[in-house]
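Next come the chains, spelled out residue by residue.
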Amino acid sequence: MKKKLLPLFLLIILTFNAKGQSYNNLWIPDTLNGTNFNLRIIDTFAQIVNTGNQTITGAINGKFWGPTIFVNKGDQIQMNVQNKLKDSVTIHWHGMHLPAVMDGGPHQIIPPNTIWKPYWTIKNEAATYWYHPHLHEMAMEQITKGIGGLLIVRDAKEKALALPRKYGVDDIPLILSDRDFNSSNQFSIVPYGDSMLTNMTLRAKYDVPAQVVRFRVLNAAIERSFNIGFSDGRTFYVITSDGGLLNEPVAKTKYLLHAGERIEILVNFTNQNGSNVDLKAYNSLLGNNIPGGENFVNGPFANFLGKKDFNILRINVGAPTANPITSIPNTLAANTYLKAADAQLTRLLTISDSSGFPNILGPNAFLINRKLYKLNYNEYNVPLNNTEIWQITSSSIFGHPFHIHDVEFNILSINGVAPDASQAGWKDVVFVPGRTGNTNSVVKFIAKFDDFADPLHPFMYHCHIALHEDEGMMGQFVVTNTTATRNLDPLNDHFNVYPNPAQDRIFIRFNSPNQSAYYVKIIDALGRTKLMLPQPHLENGIDIHSLKAGIYHLLLTDQDSKRTSSRTFVKPE
Amino acid sequence: MSGNMSFTNLIIFPFIFGILFTSRDEPRIIQDFTLKNVNNEMISTATYNDAKGFIVVFICNECPFAKLYSKRLNALSAKYKSLNVPLLAINSMDTLVYEDESFKDMQVKAKSDKFTFPYLHDVNQLVAKNFNAEHTPSAFIIWKEQNQWVLKYKGAIDDNGEHPSLAVPYVANNVDALLKNKPVLLNETLSFGCRIFYR
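Chains D and U supply the protein sequences, listed in that same order.
Start counting the first sequence at 1246; every next residue gets the next number (the working numbering).
Start counting the second sequence at 131; every next residue gets the next number (the working numbering).
Worth flagging that the hints you see were computed from the coordinates, not collected in a lab.
All residues carry an ideal CB built from backbone N, CA and C; glycine is no exception.
It cannot be assumed that every hint is accurate.
Claimed, not checked - Using 27 Å as the maximum straight-line C-alpha spacing, the simulated DSS-like pairs for lysine-lysine come out as follows: (1) D:Lys-1793 <-> U:Lys-197; (2) D:Lys-1775 <-> U:Lys-234; (3) D:Lys-1816 <-> U:Lys-234; (4) D:Lys-1775 <-> U:Lys-211; (5) D:Lys-1402 <-> D:Lys-1450; (6) U:Lys-310 <-> D:Lys-1329; (7) U:Lys-234 <-> D:Lys-1329; (8) U:Lys-234 <-> U:Lys-274; (9) D:Lys-1793 <-> U:Lys-234; (10) D:Lys-1793 <-> U:Lys-312; (11) D:Lys-1584 <-> D:Lys-1553; (12) D:Lys-1329 <-> U:Lys-244; (13) D:Lys-1793 <-> U:Lys-166; (14) D:Lys-1793 <-> U:Lys-241; (15) U:Lys-259 <-> D:Lys-1329; (16) D:Lys-1807 <-> D:Lys-1619; (17) D:Lys-1329 <-> D:Lys-1411; (18) D:Lys-1329 <-> D:Lys-1404; (19) D:Lys-1411 <-> D:Lys-1368; (20) U:Lys-241 <-> D:Lys-1329; (21) D:Lys-1329 <-> U:Lys-197; (22) D:Lys-1775 <-> D:Lys-1793; (23) U:Lys-197 <-> U:Lys-312; (24) U:Lys-241 <-> U:Lys-197; (25) U:Lys-182 <-> U:Lys-211; (26) D:Lys-1329 <-> D:Lys-1616; (27) U:Lys-310 <-> U:Lys-182; (28) D:Lys-1329 <-> D:Lys-1402; (29) U:Lys-209 <-> U:Lys-241.
Said to hold, decoys possible - Output of the computed footprint for chain D on chain U, the stretches with three or more beta carbons under 8 Å from beta carbons of chain D: (30) 172-180; (31) 191-197; (32) 298-304; (33) 308-316.
As the list claims (entries may be wrong) - Beta-carbon label-pair distances, calculated as ranges: (34) D:Pro-1744 <-> U:Lys-259: 44 to 50 Å; (35) U:Arg-325 <-> D:Asp-1788: 27 to 33 Å; (36) D:Ala-1770 <-> U:Asn-260: 28 to 34 Å; (37) U:Lys-259 <-> D:Leu-1620: 41 to 47 Å; (38) D:Asn-1278 <-> U:His-293: 49 to 55 Å; (39) D:Gly-1297 <-> U:Leu-309: 23 to 29 Å.
So that you can see chain U by itself, here it is in the shape it has in the complex (with noise of 0.2 Å):
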């Protein structure tokens, strides 16, 4: 126990939910990037001419709960790339303080799981920032709609990390859902992982 917290509570919690409310009934947006890719080529959003939406996952070298999802994400994108829907997987985590997360390490790690889809380096986190990622692994997907990227999703890319075949897909789920034209089934889950440390 520690004092009473309540006041507190009473004077801060109306701000949290009032900044809540106003954001959650805006779309956001979400301005097209330009990454390098693993193989030195740089990545972006805007040369897409087909693509409808953009499965966006933040992932690392070195996180145990993140590196579960090798397979999945290269199943992900095998499925969806073709229905134009490209998986775009994001390295955000400090190179300064985490030497196995270079961008170095990045090509052994998407060599060795033999990723079928881009591996981009955000070496300074302004991409992770403007989506305000906070874990890896976590997802978000983006959606074309009037010539921008309408955030429709972010959180975790299923509920399972050990065992895939028990997991509800989230990501799937939702992709499946806007490919029809309808609104997805959850706007947000919970992620959790390893935390992306800004500079």
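Next comes chain D alone, as it looks inside the complex (with noise of 0.2 Å):
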């Protein structure tokens, strides 16, 4: 791929980076505080390259990537969610500990001009979580056009701590990905790109306060992992794994981080004022069954970062803020994990290379459990309240991060030897090597699932890998509580809507107190549905204002039945 080009391309590479011109400004995402979000998903464009045409990309609210959204632990918060795409689209709240029926997974569907509004009460740790599209065999290319971005949660625990949080100075938000531009500046939709993208920024400098700064660093590639290190070797600090702060600052020279993890850091440049240093991705050390550490020369995978070093930042110091932060923690948290005596079973999941099961793909694709993801297939029921321990025996040649939904879980062993102590908190991905020769490898975490029991929508485990995903290399599971009972008498599933016609509000009037909606949606009369509310709370009704007028078809699930049916309203000029 583009082989006679990369002579060139270093060439103006070395040329640039030696007169120090060719860096561009860190683009930081906008924000979003409070508890209600308005997020509006559009096809937008985007300078990204430096000269020539814009590049089309998809957005949430700006020109790429979404706003970094911020909430309180213990807040319950209201997503207003939009299509303005010209496809269908789900957005996944990766990390997210909530009812399966508002995370966003590839049954979701949001159809273009339609809003869902899921709304959930935040239950996680304080860290950096993030969201991202989750439809079905489009995860790939919605999440390249960059569709997504990073959630933080804050919670009194981390508030008490002297950290670093002065988001854009000392508390700097680095969206990992890597882009691959055609002639006219276009992406196209491959698992590696030829040039590194830290936010929306080629070749990206930033200038820090000389004091100690935290990045929030999201891998958020389609397939790369990215061993991160300083170019000076100076030691950093890992103070969270993806869904949590670590029981005290680990020090680190380099982490490696995979698709769909975050890890925040803390760099102490306290007296570097005038200095600079890059922050790096010294991929040339990875083994070719990690993901960017294979050396394709040619073919659908090639590309000029394949198992190279590569800046990811240039950080220039300069001069420090009022009441900087000068020294790392001590400690962090007093986490109590999850222990193996705790679980109630163990379940035993497979990854394999599907070349030994010619019959079901081919021989391209990688499986979980022998079998791709199919939408309507549940793998497991987990009973509510459950413990468990997830144990995956990979014989796939290729390393996967592997993640599930619904919960952090603790890892307890990767290959037989207790994780590193900056991996030993709350985590939502973890990386299952390929086999060792004819050695399968094997990873053990646990979880625990609570609070959220859902006969109908299930929870997504997969690769993390955009590509695997759409490829099939996920399954599903629901959890269920045995023990809840359920009213099911045809009769008392009965309800009218009033006022109809009505103008900026339907209410719905139930046959039995001890009614209520799994979900409703709003459908106009040429069938486009236009409002999506799982679980709404009906009490002030539901707010039609934004609809034109006409004639509408509400369908209301049962909570208890989860039968559908369907009342006609009007509304007038």
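Quick one: dock chain against chain with the hints and give me the complex.
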């Protein structure tokens, strides 16, 4: 791929870097705060390549990647997700512990021009999470376009610590990915790109103050892992794993971050005013069974960054701010982690290459439990409140970042060895290494499946390499409450809507006081879904001011019976 | 990485190249078409007796990248109408899925952007299929040769959406060449923007 251009490309890079002219100032995503968030997913464009045409992108509210959403633990938050793309989409809240029907997996498809309104109470610990599309077979394309963003949880425990938290000043978001641009500056939809993209910026630089700086690092790449470290070999301190603070900062000079994973790190620039250093990916050190460690010269996986070291961010150190943080804290949290003895059962999963199963999908896919994902096939019923060990045995030649929805887990072992201190905290992605010779690799983690049971909507587990996920390296489970009683009396899920005609709000009157809605959809006369309301609060009616005049059908799925019936109403001119 | 795809490529690529090369060799003929203008008049390529060719541009109401081109399309139309190369803009978006692409909203758009050219509604997407249009905005130049419309160019209007002053005007350059009885400078560029989904 573009082999002839490589020497020219390298020459240009070297020339520009020597003159120090080629850096672009790091773009920092906007922020949203509060409890009610309007997210408008749009087709748009952005000037990502310095010269020439704009790149067609997807975005949320802005140009590329969405706003960084700040939420507080304990708050109930309402998301108003409007799809203004010319395509269907879903938005998954990666790492969030929430009801499956709010989770934004492949089943919660938002058609064009539809508003989806999930809400939930933040139960997660303070850490950096994210949101991104999860439409089956479309995840790679839609994430490549830039649909997604950071979701940062704050809580009292984190607030009490002396940590940097001035966003964009000493608390800096770094969304790592790579992109391939064609001759017209448009994205190619490929697993590996030729250019490192930090947030929305090629060849990024940023000024940081001479004090302790926190970087919130997300690997949002389609496939590539980043073996991050600094050009002067300095020590940095990992303070979070995916889903919360570690017990204490863990000193590192390199950290290998896989697709979907997040870490927050502290770097001490105190008394370094006027100096500079590069944050780099030391991917030349990666084995060829780790994403980004392969050295393909030809074919669909060939790229300029494979098995190479490359810059993520040029850091220029400037004057410190007022009231700077100047030291790394000794302790962060007193976490109580799950222990193997807590588990009620162990589930045995497998990861394999499909080459041994040619009847399934030819030789090109990777499989979980020897099958490809199907939207209507449920692999596991997990009893509510179960604590389970998931043991993944991989015979794949290649490593895979395994992600599970609903829970944060603790890694028990990777090939029989307890995890490094930096990975001993709450996690939602674990890298399952490729097999060694003929020896399969085995990863065990433990999780508690509490709070949210739903027999209809499943949670996903999958490889977070979007290409593999799209190709079917995914499965699903439901969490079921076996002790719950259900009212299945057909006369008791009757309801009416009023007033009719309705102008700004429509109300629902149930037949019995115990009734509630599992799902409400409002559909126009031509069958276009306008509003999707999972488990809506109905006391104050449903806001319909955004609807145009016309005839509408309200489809209500009863919470107990899960039966769906419809009522028709009119919105007058 | 996803296993070995080169074997599949070996088999498929010769087929694809075969198709491309055979279709390149023969001129593509576009049939006359008739569509409804935002003024509710039927506009037909067959009734433009003096036309040497047409600039046909697929746009829509809501695509942000297509929206950048309203002024440029007015300028192209103004320049080439008098040279007997009229510009026709066509909206082929699916109006069932995309409410904002309705005929009513096309009328609003034509008025607000002061379109000086016909803005036509390809309600059944047949004209777009005939051109094989993939995105909005995308431009086609058809030219009259032996009483047929021959496709001379397909692709982008120019090469810079946001900064017209920096752009190479592909369509204008090609029409200028054709008006001088010269071959087009480029017969194809990449078009991109919002995808036209076919029902």
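Hint check results:
no. : hint                                 : verdict
1   : D:Lys-1793 <-> U:Lys-197             : holds (24 Å)
2   : D:Lys-1775 <-> U:Lys-234             : holds (19 Å)
3   : D:Lys-1816 <-> U:Lys-234             : holds (19 Å)
4   : D:Lys-1775 <-> U:Lys-211             : violated (42 Å)
5   : D:Lys-1402 <-> D:Lys-1450            : violated (32 Å)
6   : U:Lys-310 <-> D:Lys-1329             : violated (44 Å)
7   : U:Lys-234 <-> D:Lys-1329             : holds (19 Å)
8   : U:Lys-234 <-> U:Lys-274              : violated (33 Å)
9   : D:Lys-1793 <-> U:Lys-234             : holds (14 Å)
10  : D:Lys-1793 <-> U:Lys-312             : violated (52 Å)
11  : D:Lys-1584 <-> D:Lys-1553            : violated (39 Å)
12  : D:Lys-1329 <-> U:Lys-244             : holds (25 Å)
13  : D:Lys-1793 <-> U:Lys-166             : holds (25 Å)
14  : D:Lys-1793 <-> U:Lys-241             : holds (21 Å)
15  : U:Lys-259 <-> D:Lys-1329             : holds (24 Å)
16  : D:Lys-1807 <-> D:Lys-1619            : holds (22 Å)
17  : D:Lys-1329 <-> D:Lys-1411            : violated (32 Å)
18  : D:Lys-1329 <-> D:Lys-1404            : violated (37 Å)
19  : D:Lys-1411 <-> D:Lys-1368            : holds (24 Å)
20  : U:Lys-241 <-> D:Lys-1329             : holds (23 Å)
21  : D:Lys-1329 <-> U:Lys-197             : holds (15 Å)
22  : D:Lys-1775 <-> D:Lys-1793            : holds (10 Å)
23  : U:Lys-197 <-> U:Lys-312              : violated (31 Å)
24  : U:Lys-241 <-> U:Lys-197              : holds (14 Å)
25  : U:Lys-182 <-> U:Lys-211              : holds (10 Å)
26  : D:Lys-1329 <-> D:Lys-1616            : violated (34 Å)
27  : U:Lys-310 <-> U:Lys-182              : holds (12 Å)
28  : D:Lys-1329 <-> D:Lys-1402            : violated (38 Å)
29  : U:Lys-209 <-> U:Lys-241              : holds (20 Å)
30  : 172-180                              : violated (count 0)
31  : 191-197                              : holds (count 4)
32  : 298-304                              : violated (count 0)
33  : 308-316                              : violated (count 0)
34  : D:Pro-1744 <-> U:Lys-259: 44 to 50 Å : holds (46 Å)
35  : U:Arg-325 <-> D:Asp-1788: 27 to 33 Å : holds (31 Å)
36  : D:Ala-1770 <-> U:Asn-260: 28 to 34 Å : holds (31 Å)
37  : U:Lys-259 <-> D:Leu-1620: 41 to 47 Å : violated (30 Å)
38  : D:Asn-1278 <-> U:His-293: 49 to 55 Å : violated (34 Å)
39  : D:Gly-1297 <-> U:Leu-309: 23 to 29 Å : holds (28 Å)
Violation of the numbered hints given earlier is confined to hints 4, 5, 6, 8, 10, 11, 17, 18, 23, 26, 28, 30, 32, 33, 37 and 38; the remaining hints are satisfied by the structure.
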